[in-house]
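Colleague: Listed below, chain by chain, are the residues.
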Amino acid sequence: MKAKNTERMRVTRLLALVAVFIVALGAVCLAAPTRAEALEVKSTTARPNEDGGDRVIGGLPTRLTWEGTVGEDEELTSISLTMPEGGTFEGSSTRVTVLDGLNRQNVDSVATPAGTALQVVFDEPIPAGSLVRLEVTGVAFPNADGDYTIEGTYENQLGEQALPSSPAISVIQNTPVQGLVNWLDQQPWVEAWNSNPFLNMFFKPQILVSSFASLFPGWLVCLAIVLVAYPFAILLGLCFAFMKMSKFVVVRAIAVTYINILRGTPLFLQIYIAFFGLPMLGIQINVYILGCAVMAINSSAYLAEIFRAGIQSIPVGQYEAAASLGMGHMRTMVSIILPQTIRRVLPTVTSDFITSYKDTSLLSSVGVMELMMYAKNMTAITGNITPYMTAAIFYLIVTLPLIKLITLVEGRIARSESGQGPRPKGGTVSAEDVELDYAQDALAQAAHAEALPDPELSRPVFVPLAREGA
Amino acid sequence: MKWSTTEGAGVQPKSKHLFLALFCSMLAVFCVAVMAGCGGQAAEPAATEETQTEEPAVTELKTIEDGKLIVQSDLAYAPMEYVPEGKTSEDAEGFEVDLVNAIAEKLGLTVEWQQVQFDTIIPAVKQGGTVDMGASSFTITDERLEEIDFSDSYMDSNQGIVMTKAAAAEIPGFDASQDVAGTERLDAVKSVLDVAGVKVAVQSGTTGEAWSQENLTNAETVPLADAIQCLTGLQSGLYNAVIADYPVMAYYCQESYADLEVVAAIPTGEQYGLVISKDNPALTEAVNKALAELQEDGTLTELENKWFGSAS
Numbered sequence: 000m001k002a003k004n005t006e007r008m009r010v011t012r013l014l015a016l017v018a019v020f021i022v023a024l025g026a027v028c029l030a031a032p033t034r035a036e037a038l039e040v041k042s043t044t045a046r047p048n049e050d051g052g053d054r055v056i057g058g059l060p061t062r063l064t065w066e067g068t069v070g071e072d073e074e075l076t077s078i079s080l081t082m083p084e085g086g087t088f089e090g091s092s093t094r095v096t097v098l099d100g101l102n103r104q105n106v107d108s109v110a111t112p113a114g115t116a117l118q119v120v121f122d123e124p125i126p127a128g129s130l131v132r133l134e135v136t137g138v139a140f141p142n143a144d145g146d147y148t149i150e151g152t153y154e155n156q157l158g159e160q161a162l163p164s165s166p167a168i169s170v171i172q173n174t175p176v177q178g179l180v181n182w183l184d185q186q187p188w189v190e191a192w193n194s195n196p197f198l199n200m201f202f203k204p205q206i207l208v209s210s211f212a213s214l215f216p217g218w219l220v221c222l223a224i225v226l227v228a229y230p231f232a233i234l235l236g237l238c239f240a241f242m243k244m245s246k247f248v249v250v251r252a253i254a255v256t257y258i259n260i261l262r263g264t265p266l267f268l269q270i271y272i273a274f275f276g277l278p279m280l281g282i283q284i285n286v287y288i289l290g291c292a293v294m295a296i297n298s299s300a301y302l303a304e305i306f307r308a309g310i311q312s313i314p315v316g317q318y319e320a321a322a323s324l325g326m327g328h329m330r331t332m333v334s335i336i337l338p339q340t341i342r343r344v345l346p347t348v349t350s351d352f353i354t355s356y357k358d359t360s361l362l363s364s365v366g367v368m369e370l371m372m373y374a375k376n377m378t379a380i381t382g383n384i385t386p387y388m389t390a391a392i393f394y395l396i397v398t399l400p401l402i403k404l405i406t407l408v409e410g411r412i413a414r415s416e417s418g419q420g421p422r423p424k425g426g427t428v429s430a431e432d433v434e435l436d437y438a439q440d441a442l443a444q445a446a447h448a449e450a451l452p453d454p455e456l457s458r459p460v461f462v463p464l465a466r467e468g469a
Numbered sequence: 000m001k002w003s004t005t006e007g008a009g010v011q012p013k014s015k016h017l018f019l020a021l022f023c024s025m026l027a028v029f030c031v032a033v034m035a036g037c038g039g040q041a042a043e044p045a046a047t048e049e050t051q052t053e054e055p056a057v058t059e060l061k062t063i064e065d066g067k068l069i070v071q072s073d074l075a076y077a078p079m080e081y082v083p084e085g086k087t088s089e090d091a092e093g094f095e096v097d098l099v100n101a102i103a104e105k106l107g108l109t110v111e112w113q114q115v116q117f118d119t120i121i122p123a124v125k126q127g128g129t130v131d132m133g134a135s136s137f138t139i140t141d142e143r144l145e146e147i148d149f150s151d152s153y154m155d156s157n158q159g160i161v162m163t164k165a166a167a168a169e170i171p172g173f174d175a176s177q178d179v180a181g182t183e184r185l186d187a188v189k190s191v192l193d194v195a196g197v198k199v200a201v202q203s204g205t206t207g208e209a210w211s212q213e214n215l216t217n218a219e220t221v222p223l224a225d226a227i228q229c230l231t232g233l234q235s236g237l238y239n240a241v242i243a244d245y246p247v248m249a250y251y252c253q254e255s256y257a258d259l260e261v262v263a264a265i266p267t268g269e270q271y272g273l274v275i276s277k278d279n280p281a282l283t284e285a286v287n288k289a290l291a292e293l294q295e296d297g298t299l300t301e302l303e304n305k306w307f308g309s310a311s
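For the protein sequence lines, the chains are A and B, in the order given. What the first sequence shows, in numbering that gives the first Met the number 0, is residues 0 to 469, in sequence order. What the second sequence shows, in numbering that gives the first Met the number 0, is residues 0 to 311, in sequence order.
Simulated from the structure, these hints should not be mistaken for laboratory data. Warning: the hint list may mix true and false statements.
The list that follows gives simulated cross-link-like pairs (lysine-lysine, BS3-like), each with its CA atoms no further than 27 Å apart [said to hold, decoys possible]: (1) K41/A <-> K198/B; (2) K86/B <-> K61/B; (3) K288/B <-> K41/A; (4) K61/B <-> K198/B.
Now the stretches of chain A that chain B is said to cover, found in silico as 3 or more residues with beta-carbon under 8 Å [said to hold, decoys possible]: (5) 88-102; (6) 105-117; (7) 152-161; (8) 219-232; (9) 278-287.
Which stretches of chain B does chain A cover? Using the computed rule of at least three CB atoms under 8 Å from a CB of chain A, they are [what the hints assert, rightly or not]: (10) 140-149; (11) 199-207; (12) 210-216; (13) 247-258; (14) 265-272.
Note that this is a predicted model, so its numbers are computed, not measured. Here a beta-carbon is modelled for each residue, glycine too, at the ideal position from N, C-alpha and C.
Bound-form chain A, shown alone:
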């Protein structure tokens, strides 16, 4: 347009032509590289540097990945990136990748970090259409919440150009946990501790601190799974325990098959079948619910056996006594047998609970985000075993008190079952001697009950009535 206009005016104003021509030329020169055909920023991202988390924390080293494609009429000779005020490229290393489609091109380059600036100069101009990736390891963003963009310039055959705006990277301020980790980094005793390869690999203080914070949600998931699953396991277990003691062969057969198959195969296998098999049948269930279901079903088989043994260990005399009072089978079970059974099986059930709680770790193999999964991820990122040690501590927080509880409960039951319930201290009878005798009797009865399940046939010689503790 401009050219035609000037042509018409040529006759009248020669001087104006020269002026306009110069302006037009300048505009073309400026417009060409910065418009459609210019270098395009494909993405700028930062690697999450929160230990065990997925956020980018300011003020701590991370990796910046910058990607751009060279415009169609361009030849790229250098790129300069600028970090927002407060961030730094200092001490970073840069990996440069140039690609034509999927094929890597060998281009040598020199990267010079200086404060908030990074300059990358290529040994040879990068041809049009190539993808350039800069992976800058060891950069730090400003230590304040916010979305930051990487600005900069680049040079093509025509000179220096401004980089088009790139997507923002959201950064969070340093967390208290990370602050503590950084403080530990500077302590001489921590350094001395970490200079020992074993302590460094298994008990690195910095990772211990950060993993405690980041493993916590995984621990809650573990607890939630087992606490939701266990009541169902107990109900199912009771159900199958009664089925196994049923008079009907078919019912017994069903219970025996269920219990034997579940007890006879590894939990790991059951998890695999549930998590990979069911979806293939078109059944889609939330992984957490499915996890609870598998844990409950697995545990129920063990509990069924525990309950059955518990019920059958109750002396026949108890049934007879109940019958002599005119109680029916149902009533006998509910008010006489089961209360005693619960007391007897409590320690074994607690043991099974501990096993179930620990076994939730197997769910990590199918992608349930529980304690072991978090620990595994952190170990993968840090290359250090410490997160596993933290996981061990999290397991022990629950299991140690429970183990202690079992010991206490066992002691109580032992005393009350043998007629040695709580009494004033300083008794003259040696408790151990008496209890040993009673233990042998109780054992003999239990064996008897196992061998002859029919209460009518087994006539115990000695029937101690369980005494409720005062």
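Chain A is already provided as a structure; the job is to place chain B on it using the hints.
Modeller: Only chain B this time, still in chain A's reference frame:
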């Protein structure tokens, strides 16, 4: 009921003893560990002195067991490294397996392949003492270089996104006839994956995992033990996509998983290297020399043709 009576009698004193015993044993383990560590430190200078006196100039090639190169790999990444059906890790096959065997032959060593989980290899090599080399399609990255040394690169690679064919057909703007490496395809796939609720399966500790975490920030990245588990999970509908090395994904989609396809390639241009401890520079040097020789005599090209043939 044996458990109730016999143990019950001595509950109080026993549990105290137990705690004391536990405490003592932990203390003992701790002391041993510290001493082991100190011993290690004390022994180190002596060892270097010895080597200095015996071989003043040349640092001799040393492996953990003389004449043996112990190599760890996940061996579930065909055609790079895998165990054929019904065989053990001794009969591992693949491009990288052939390559490492060829290198070992040049160095006069026999290779012992150990199958371990991918994300434990670098820590094991760094820790030292049990393994000489990690060969499991490791991309050379600056983060990893802080932990261990890499040999020179022997192959270039990219990342690939795998989805089920059914899901791929529903991606808006997706055209299977387009170039797999095209940006249009990648952008279209990215737009359906970078959404809350989407699950992307990756192998734990891989560059694919890092890419997913960094570029699909709205999706959930699920790290699993190996690539097979990722693909099986994708097939059964547990995950929406899998991101892993392109050549491997292309191979699996073609050979084993007919209902899956590589929906887009992510041009990352990464390079594979062999992982060697920083404490064993002699081995790195020897491996690099052998690699250069294999490149020169055409063995490397031959292996590429054998394993990737028409694909590349």
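Colleague: So which hints don't hold here, by number, going up?
Modeller: Numbers 2, 3, 4, 6, 7, 8 and 13, in rising order.
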